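Undergrad: Take a look at the letters that make up each chain.
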Amino acid sequence: AQTIHQWPVAEIKAVGSPLSLGCTIKGKSSPNLYWYWQATGGTLQQLFYSITVGQVESVVQLNLSASRPKDDQFILSTEKLLLSHSGFYLCAWSPQGYTEVFFGKGTRLTVV
Amino acid sequence: TQTVSQSDAHVTVFEGDSVELRCNYSYGGSIYLSWYIQHHGHGLQFLLKYYSGNPVVQGVNGFEAEFSKSDSSFHLRKASVHWSDSAVYFCAVSTGYQNFYFGKGTSLTVIP
Chain A
1 AQTIHQWPVA EIKAVGSPLS LGCTIKGKSS PNLYWYWQAT GGTLQQLFYS
51 ITVGQVESVV QLNLSASRPK DDQFILSTEK LLLSHSGFYL CAWSPQGYTE
101 VFFGKGTRLT VV
Chain B
1 TQTVSQSDAH VTVFEGDSVE LRCNYSYGGS IYLSWYIQHH GHGLQFLLKY
51 YSGNPVVQGV NGFEAEFSKS DSSFHLRKAS VHWSDSAVYF CAVSTGYQNF
101 YFGKGTSLTV IP
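Respectively, the protein sequence lines represent chains A and B.
Using our numbering, the first residue of the first sequence is number 1, and each one after it goes up by one.
Using our numbering, the first residue of the second sequence is number 1, and each one after it goes up by one.
Because the hints were derived from the structure by calculation, they are not lab data.
One should not assume that every hint holds.
Pairwise CB distance ranges, derived in the manner of DEER restraints [claimed, not checked]:
1) Leu82(A) x His42(B): 18 to 28 Å
2) Gln55(A) x Ser72(B): 27 to 37 Å
3) Ser52(B) x Pro8(A): 33 to 43 Å
4) Ile12(A) x Thr12(B): 27 to 37 Å
5) Trp83(B) x Ser30(A): 39 to 49 Å
Treat the numbers as computed from the prediction; the structure is a model and nothing was measured.
Built from N, CA and C at the ideal position, the CB exists for glycine as well.
Let the hints inform the model, and build the full structure from the sequences given.
TA: Structure below.
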């Protein structure tokens with residue numbers, strides 16, 4: 001069975017500080033990977049997607065970057081946090097047929 | 001641009017009632033449709049999907065959804081809800097591996 005693990009569970013960070021969030025997918029070879037941001041109120045905004053190691057495509061510009069250093073790992077980062085980065089970050093994967101997407105438990109980020 | 005519309009932001013029913021959560025989309029090509037549930041503070045969980053064939057699809061925990069091409073809809077239904085079904089429900093459209101477009105969600109409250 002496939003599992004998806006996100007870390008950390010929650011972060012409180014200062015404005016201007018760096019950030020690194022991660023997720024690992026086990027039990028699935030070459031998944032499509034996604035980062036989503038969910039603001040208070042619930043709307044989901046797709047940030048990045050990746051279909052293979054080393055290749056990441058940006059969907060929206062939010063002063064964030066993403067990398068896929070390994071087949072099963074997806075990293076979201078920024079060198080300088082803004083207040084607007086606060087929210088719930090969700091990593092997800094889909095099979096090659098992209099019929100559905102499976103989410104991690106999320107990381108709650110509070111920027112102060 | 002693909003859009004997913006969930007017209008009801010909030011739905012409140014009593015335990016044992018039936019419920020229908022509405023989802024309409026705008027896209028002219030081949031798409032995959034899916035529904036997800038999000039309990040407060042958690043990641044999204046996949047409920048069911050449709051791509052082709054029988055327009056009524058069954059999901060977990062007694063949920064089903066019906067696809068209508070003429071109405072561009074994919075409504076979610078449950079015959080008898082339980083208090084534990086209280087959550088936010090998201091409809092999603094996928095047109096390819098690049099994107100899963102989500103609606104704004106419908107918050108379902110089940111009164112015991």
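Undergrad: Hint by hint, say whether it matches the structure.
TA: Here is how each hint holds up against the structure:
1. For the hinted restraint 18 to 28 Å between Leu82(A) and His42(B), the CB-CB distance of approximately 25 Å keeps it satisfied.
2. Checked against the hint of 27 to 37 Å, the C-beta distance between Gln55(A) and Ser72(B) comes to roughly 33 Å, which is consistent with it.
3. Remark: the range hint 33 to 43 Å for Ser52(B) to Pro8(A) is upheld by a beta-carbon distance near 40 Å.
4. Between Ile12(A) and Thr12(B) the Cβ separation comes to about 34 Å, which falls inside the hinted range of 27 to 37 Å.
5. For Trp83(B) paired with Ser30(A), a C-beta distance near 40 Å keeps the hint of 39 to 49 Å intact.
Consistency with the previously given hints is maintained throughout, with no hint failing.
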